[in-house]
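**Q** Could you put together the complete structure from these sequences and hints?
Take the position in the sequence shown, starting the count at 1, then add 620; the result is the number in my numbering.
Fair warning: there could be bad hints in the mix.
[What the hints assert, rightly or not] Label pairs and their in silico Cβ distance ranges:
| id | residue 1 | residue 2 | range |
| --- | --- | --- | --- |
| 1 | Leu716 | Lys860 | 26 to 34 Å |
| 2 | Arg784 | Asp671 | 38 to 46 Å |
| 3 | Arg788 | Ala817 | 24 to 32 Å |
| 4 | Phe781 | Phe821 | 17 to 25 Å |
| 5 | Ser700 | Tyr780 | 40 to 48 Å |
[Stated by the list, open to error] Derived lysine to aspartate or glutamate pairs resembling DMTMM-like cross-links, with alpha carbons at most 20 Å apart:
| id | residue 1 | residue 2 |
| --- | --- | --- |
| 6 | Lys860 | Glu670 |
| 7 | Lys860 | Asp760 |
| 8 | Lys790 | Glu802 |
| 9 | Lys860 | Asp730 |
| 10 | Lys790 | Asp776 |
| 11 | Lys860 | Asp776 |
| 12 | Lys705 | Asp760 |
| 13 | Lys860 | Glu668 |
Simulated from the structure, these hints should not be mistaken for lab results. If you're wondering where the values come from, they're calculated on a predicted model, not measured in any experiment. Cβ coordinates follow ideal geometry from the N, Cα and C atoms, glycine included.
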Amino acid sequence: MTRIRVFTALLMAPVAIAAVLLLSTPWMVALGALLFLAGMWEWFHLAEVEDTLARSALLVANLLLMVMIVWASPTDAGGSLVLFKLAVVVGVVWWLLAMLWLMNYDFASDHDTNARVFKLAAATLSVVPAWCALALIHSDGAGWLLLALAMIWAADTGAYFAGRAFGRHKLSPRISPNKTIEGMAGGAVASIVVALAGAYFLGTEATMLPLVALVALVTVLFSVVGDLFESLLKRHVGAKDSGNLLPGHGGLLDRLDSVLAALPVFALGKIWLGF
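**A** Below, the structure is given as structure tokens:
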């Protein structure tokens, strides 16, 4: 399984890097919408929406929301990205609330209609702001979006190796028994190193690098929240993975969970602090 996982990652990484660096922002936004909506389709399965027609209608509704945001935000002739920025703020607020949900494991776990409504709302609040953040970051330079993704990848890798070597204290044993506090710390260190190196390479002034490190740290912490939240959804329905699209990795949502939480935080930090 480990070999398959590594092989799949080696195939996906160059494709992702090429897309970020070579596509124009409109095409990158379109590709991001396709990937995020595919992840949302798997989310609907975790929310126990099994009817194909219902899932399709929900997906179209979220697609229309994305289209409306783009339609109301022209940029070539004095337009504004204010709706994208507002969505990013909403996304950050949502992930703060998601932390409370994680602290109450049994909330919306009873498989009834109300539980499903909460999880469907969470899908929109997770996917649409992350997609808006992707658009904002890429519009400021493809290198910045690549750096944001590299930080998340570095955090995952650092957490894996640090957890294996030093992991002693469980982070959230009921939701994700394999995650440790030591692993999270290792992931944070790896992500900060990548963030500082990447920001310097992108021409960030030395005086701004401490702020970059701070944003990287907060971004990683939120990425862990995203990972844990998807694990919570899977625990509620007894699923091991969100799907089987990616050999060795599970579903697409299993690869996007941390990205959904991290991108709005990184985008907000970058806009707010001005680096």
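**Q** Provide an ascending list of the numbers of those earlier hints which the structure does not satisfy.
**A** Of the numbered hints given earlier, the structure breaks just one, which is hint 7.
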